[in-house]
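Put chain Y on the given structure of chain D with help from the hints.
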Amino acid sequence: MSARPTRQTPLRLHRELAALWDTPAGWRRLSAVNHTVLGKRFILAAFFFFAVGGLLAMLIRVQLATSSTAFVGPEAYGQIFTMHGTVMMFLFAIPMFEGFAIYLLPKLLGARDLAFPRLTAYGFWCYIFGASILLLAMVAGVAPDSGWFMYTPLSSSTYSPGINADVWLLGITFVEISALSAAIEITVSVLKVRAPGMSLARMPIMAWYLLVTALMMLFGFPPLILGSILLELERAADLPFFDPLRGGDSLLWQHLFWLFGHPEVYIIFLPAAGAISMMIPTFARHELIGYRAIIVALIAMAFLSFGLWVHHMFTVGIPHLALAFFSAASGLVAIPTAVQIFAWIATLAAGRPRFDVPMLYLGGFFFIFVIGGLTGVMLAMVPFNWQAHDTHFVVAHLHYVLVGGFVFPMMAAAYYWLPHFTGRRAEHRLSKPAFWAIFLGFNLTFFHMHLTGLRGMPRRVDTYPVEARLDWLNLLSSVGSFVMIIGFALFVIDLVVQMRFGQRFRRNPWAARTLEWAMPTPPTSYAFASLPHITERGDRLAPDAEGARLAGGHGYLGFTRNGWMETLGVDMTSGRPDQLIVLPRQSFLPLWSGLLTAAFVLCLLAKLYWLSLFAFAAIVVSLLAWTGGTGARQDTGALPIGKGASARPHWETATPPSWWAMVLACAAEATLFSSLLFGGLFLWLVAPAWPPPQPAMPDPLLAAACLVLMLLAALLGRDAVRALTRGGPPALRLALCAGAHGGAALLFALMAASVPVPTTHAHNATALVLFALCGLRAGFGALLAGYGLWRERAGYLSPVRSLDLRIGRIWHDYAAATGIVGIGAAFVFAWLASSAGAAP
Amino acid sequence: MAGCLVLSACSGPLSVLEPESASARNATTLWWVMAYAGTGIFMATASVLVLAVVRPSWLRAFGEARLILWGGLVIPLVLLAGLVAAAFALGERGIAAAREPAALRIEAVARQWIWQFRYPGGHVTTNLLHLPAGRDVDIVLTSEDVIHSFWVPRLAGKLDAIPGHTNILRLHADRAGKYGGVCTEYCGIGHAPMRFDVEVHEEEAFRRILASEAATAGEGGE
Numbered sequence: 001m002s003a004r005p006t007r008q009t010p011l012r013l014h015r016e017l018a019a020l021w022d023t024p025a026g027w028r029r030l031s032a033v034n035h036t037v038l039g040k041r042f043i044l045a046a047f048f049f050f051a052v053g054g055l056l057a058m059l060i061r062v063q064l065a066t067s068s069t070a071f072v073g074p075e076a077y078g079q080i081f082t083m084h085g086t087v088m089m090f091l092f093a094i095p096m097f098e099g100f101a102i103y104l105l106p107k108l109l110g111a112r113d114l115a116f117p118r119l120t121a122y123g124f125w126c127y128i129f130g131a132s133i134l135l136l137a138m139v140a141g142v143a144p145d146s147g148w149f150m151y152t153p154l155s156s157s158t159y160s161p162g163i164n165a166d167v168w169l170l171g172i173t174f175v176e177i178s179a180l181s182a183a184i185e186i187t188v189s190v191l192k193v194r195a196p197g198m199s200l201a202r203m204p205i206m207a208w209y210l211l212v213t214a215l216m217m218l219f220g221f222p223p224l225i226l227g228s229i230l231l232e233l234e235r236a237a238d239l240p241f242f243d244p245l246r247g248g249d250s251l252l253w254q255h256l257f258w259l260f261g262h263p264e265v266y267i268i269f270l271p272a273a274g275a276i277s278m279m280i281p282t283f284a285r286h287e288l289i290g291y292r293a294i295i296v297a298l299i300a301m302a303f304l305s306f307g308l309w310v311h312h313m314f315t316v317g318i319p320h321l322a323l324a325f326f327s328a329a330s331g332l333v334a335i336p337t338a339v340q341i342f343a344w345i346a347t348l349a350a351g352r353p354r355f356d357v358p359m360l361y362l363g364g365f366f367f368i369f370v371i372g373g374l375t376g377v378m379l380a381m382v383p384f385n386w387q388a389h390d391t392h393f394v395v396a397h398l399h400y401v402l403v404g405g406f407v408f409p410m411m412a413a414a415y416y417w418l419p420h421f422t423g424r425r426a427e428h429r430l431s432k433p434a435f436w437a438i439f440l441g442f443n444l445t446f447f448h449m450h451l452t453g454l455r456g457m458p459r460r461v462d463t464y465p466v467e468a469r470l471d472w473l474n475l476l477s478s479v480g481s482f483v484m485i486i487g488f489a490l491f492v493i494d495l496v497v498q499m500r501f502g503q504r505f506r507r508n509p510w511a512a513r514t515l516e517w518a519m520p521t522p523p524t525s526y527a528f529a530s531l532p533h534i535t536e537r538g539d540r541l542a543p544d545a546e547g548a549r550l551a552g553g554h555g556y557l558g559f560t561r562n563g564w565m566e567t568l569g570v571d572m573t574s575g576r577p578d579q580l581i582v583l584p585r586q587s588f589l590p591l592w593s594g595l596l597t598a599a600f601v602l603c604l605l606a607k608l609y610w611l612s613l614f615a616f617a618a619i620v621v622s623l624l625a626w627t628g629g630t631g632a633r634q635d636t637g638a639l640p641i642g643k644g645a646s647a648r649p650h651w652e653t654a655t656p657p658s659w660w661a662m663v664l665a666c667a668a669e670a671t672l673f674s675s676l677l678f679g680g681l682f683l684w685l686v687a688p689a690w691p692p693p694q695p696a697m698p699d700p701l702l703a704a705a706c707l708v709l710m711l712l713a714a715l716l717g718r719d720a721v722r723a724l725t726r727g728g729p730p731a732l733r734l735a736l737c738a739g740a741h742g743g744a745a746l747l748f749a750l751m752a753a754s755v756p757v758p759t760t761h762a763h764n765a766t767a768l769v770l771f772a773l774c775g776l777r778a779g780f781g782a783l784l785a786g787y788g789l790w791r792e793r794a795g796y797l798s799p800v801r802s803l804d805l806r807i808g809r810i811w812h813d814y815a816a817a818t819g820i821v822g823i824g825a826a827f828v829f830a831w832l833a834s835s836a837g838a839a840p
Numbered sequence: 001m002a003g004c005l006v007l008s009a010c011s012g013p014l015s016v017l018e019p020e021s022a023s024a025r026n027a028t029t030l031w032w033v034m035a036y037a038g039t040g041i042f043m044a045t046a047s048v049l050v051l052a053v054v055r056p057s058w059l060r061a062f063g064e065a066r067l068i069l070w071g072g073l074v075i076p077l078v079l080l081a082g083l084v085a086a087a088f089a090l091g092e093r094g095i096a097a098a099r100e101p102a103a104l105r106i107e108a109v110a111r112q113w114i115w116q117f118r119y120p121g122g123h124v125t126t127n128l129l130h131l132p133a134g135r136d137v138d139i140v141l142t143s144e145d146v147i148h149s150f151w152v153p154r155l156a157g158k159l160d161a162i163p164g165h166t167n168i169l170r171l172h173a174d175r176a177g178k179y180g181g182v183c184t185e186y187c188g189i190g191h192a193p194m195r196f197d198v199e200v201h202e203e204e205a206f207r208r209i210l211a212s213e214a215a216t217a218g219e220g221g222e
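Residue numbers (our numbering), protein chains in the order written: chain D, 1 to 840; chain Y, 1 to 222.
Simulated from the structure, these hints should not be mistaken for laboratory data. Any given hint might turn out to be false.
Just some of the chain Y residues that point at chain D, by a computed CB distance under 10 angstroms [to be verified]: (1) T45; (2) L59; (3) A65; (4) G71; (5) P76; (6) A86; (7) I162; (8) R208.
From the derived model, a few chain Y residues whose C-beta atoms are all more than 10 angstroms from chain D [as the list claims (entries may be wrong)]: (9) I68; (10) E92; (11) A103; (12) L104; (13) Q116; (14) P120; (15) G121; (16) N127; (17) H130; (18) L159; (19) G190; (20) E199; (21) E204; (22) R207; (23) S212.
C-beta atoms are modelled at their ideal positions from N, C-alpha and C, and glycine is treated no differently.
With the rest of the complex left out, here is chain D:
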């Protein structure tokens, strides 16, 4: 089966690899799974939404130009500012960074693609379809209008009876599928899919940034997804999680939202900071100073960022002492930022800086972002926050942070990496005027907006009183915003000119020392004709010499075999190659799954709940179809990977990427589940209208039976793996495991059905969702066990090919552990609810 690999001429090798890796032309380009193609698509789409968000911002500035502009009414204005924030946060910033990471990451790591190319494609479709729903709603005049953080009860069905809020909750959750899939994709790719020899300590700094960012997304997004599900359930099924009359609390939404929302700011900033850490060394002509200090700072930032969400809630009436904790944590986060800034300054001082357009934009970043950081520390101080909160001071601050910390670095990055995308160097005729228009326009818009806020202008108002003397401040801001948009127009023209007329160059125009330049530009679909062996830190390489060597096939995998799309997987810490990863071919399946997911979301939007069940089933079937053609029916054993080394294909190894993906998926689901438990406790502790009239005490018999079944499922799942690896047949154990899961799911359904009238009280509604979630997990466990059975029947399993069952085992264990916690929590909640009745 495995052809003996032979050395090729560079051109023959290119033709053979391109035949495998290239995305087909015509309508078949929709089957693309390639990271270069999808990265570009993400970036283009995100830039389109940046333009949409920018136009919305212009409408806002027109309306606010004077105190008496009657440009749009308050209804339209509500939609405009809500969509401006939503588009910029969810449809521009996050997808832009994702596209950037998807395009760049494999090239930085010395791999041919990311770990899960089809997941990249599915994420892209989820993003495009979800974003389209929001855009269509806006065109139809039913866009979300309760502000981009959707505070309840304003966003509840009582005060927002239209479809507007549903569009936000369902559309954004849909888009977030792409964020979560990118989080798993990036984490696993950084950890496993690198060039041989690239140990953790040798990774280019950008990989560290993206790893930390992806992990933050993995834990940051689930609270918002849970919150959105709960709010949609309240709107659609009258389950009162946020209704203060029935034991709910609008503050629960704020906690869940900002548990996501604050890390989100760092999720946006860190990739941009990573780009800065790549560009500064190139232009300073000196390697990055403080590589380790920056890594420590990143990790500190990631942890801190999950501990300061309450600083968005200083005015909700939380005791001052508790606020002080979050205030200190919020101030503290300035330190890892300062470490990075001084590391960049030290790098400049150590080298011989050379100035080019990206450095100009980085100068803009420095000026704007430092001011944004300083006003951030100011806002973290409670007595000042009570004054400045929800005023235009905050509007100014957040634009200084996000435009300074994301847009300016990304524009620098665009100038830095565009030659990589296009193979052409910049002309730079317009880039400087564009910079100055954007930079001056930005400061003209936002600098004195701090003062506008201190003079008492709340955010999200469409008018303001003349006597507050805000007119000329606002007019100045509006003028500035138009200067800024002229600058952005120049920027776009400049990029188009560069793409069309830029001078071609051979390789590595900036004399950078990282791996992404060790390839022809524009890059080939397979990125590296052969994979390098890394013996130095990833920012001390010689891309020119290395690139020529790799193109000649002198690295690993400088050949093709079996029509496989191959790259290498490495041991996480040492970077020793430990598996041959065979990637899936171009496929329309991600598009189909994306379309079906869109159908599911549209069913929910149209309140066709019965139909949505069919759509959901169709999604599951389409996802199962992805597995066809993966793995092998015979044991392959170790295969040569070039340079005299050999490795087993990934499905015969202990921890291939898909195994890690399951671990990470469990971690994300555990975060969602913990958020629900937090919600249950929070409501008991804080919400009005407790205790509930009828606490939802589970039937102890049902609960006990359920526990037994879940433990049984986990044990059978483990025993199936044991049987398989000893050469025995796992079929019976798998069937029983599926049965036990099915039984547990049924019992959870029974417990959910026996919750007394879940619409009467948030406690009962929480119990219902708790059981439903546990039941869904058990149902998914049954599906996985059944899938294992199918793979066994189809001949994909053997003692060395046990991956499918071991991935299942992770889930069986996880479902049992969280199921036990879930049942325990249900009893604790019921006990708390009834003892709350006894308390005075």
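Then chain Y, alone, in the frame of chain D:
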């Protein structure tokens, strides 16, 4: 920052920069301290950046690791520790007085899109809050529908009116006068015009107004 310093004078009825109570003055003082310190920090950081380009030998002589240590860790840590402690002390001073309820409690009930104020003795005003000068008043904040936020910038920081919750804001106006108040939490299409006036009276005048409006208490609602 320098621009803000020049533009601050005489800045309107909603301006944080013209405080008329001790707690608002604390916040304003804190703002000015932070604004000057922030300007200084910005200048210092920018100078180091400029030095890195024009006089790199100075920074190299100082040592790159030391630059990161001092610029990134030690100096910010000291500054932040001082600032957090000072802000905490100011915040505590503002609310330490509020540990015991004030003699006068006025209920502020928010709903889309009006403020209703209920005084002891039962009379009610809409979008107009009467306060006595020179003594503590507790504003008891609730909402009948969505979240609103009560803000009289010249007298105190803002506090949210949240359905199902009761928040208490301590006000203490120094002297008689007219001040502006606004809703600062987006609450629907009537959010921007959801403003109210605050009239602070001398004690005598305040009693007189309460007495005279008590007669019309019933129609004070809408």
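Results for each hint:
1. T45: holds, 6 angstroms
2. L59: holds, 4 angstroms
3. A65: Given a least distance of 7 angstroms, the restraint on A65/Y holds.
4. G71: For G71/Y, the interface hint holds, since the closest Cβ of chain D sits about 4 angstroms away, which is under 10 angstroms.
5. P76: holds, 5 angstroms
6. A86: holds, 8 angstroms
7. I162: For I162/Y, the interface hint holds, since the closest Cβ of chain D sits about 6 angstroms away, which is under 10 angstroms.
8. R208: violated, 27 angstroms
9. I68: violated, 5 angstroms
10. E92: violated, 7 angstroms
11. A103: holds, 22 angstroms
12. L104: Consistent with the label, L104/Y stays out of reach of chain D, its closest Cβ about 20 angstroms off (over 10 angstroms).
13. Q116: holds, 18 angstroms
14. P120: holds, 22 angstroms
15. G121: The claim holds: G121/Y sits with its nearest Cβ about 26 angstroms from chain D, beyond 10 angstroms.
16. N127: Consistent with the label, N127/Y stays out of reach of chain D, its closest Cβ about 13 angstroms off (over 10 angstroms).
17. H130: holds, 20 angstroms
18. L159: violated, 6 angstroms
19. G190: Non-interface label fails for G190/Y: nearest chain D Cβ at 7 angstroms, not farther than 10 angstroms.
20. E199: holds, 15 angstroms
21. E204: The claim holds: E204/Y sits with its nearest Cβ about 28 angstroms from chain D, beyond 10 angstroms.
22. R207: At roughly 29 angstroms from the nearest Cβ of chain D, R207/Y sits farther out than 10 angstroms, so the non-interface label holds.
23. S212: It holds; S212/Y is separated from chain D by about 27 angstroms at its closest Cβ, greater than 10 angstroms.
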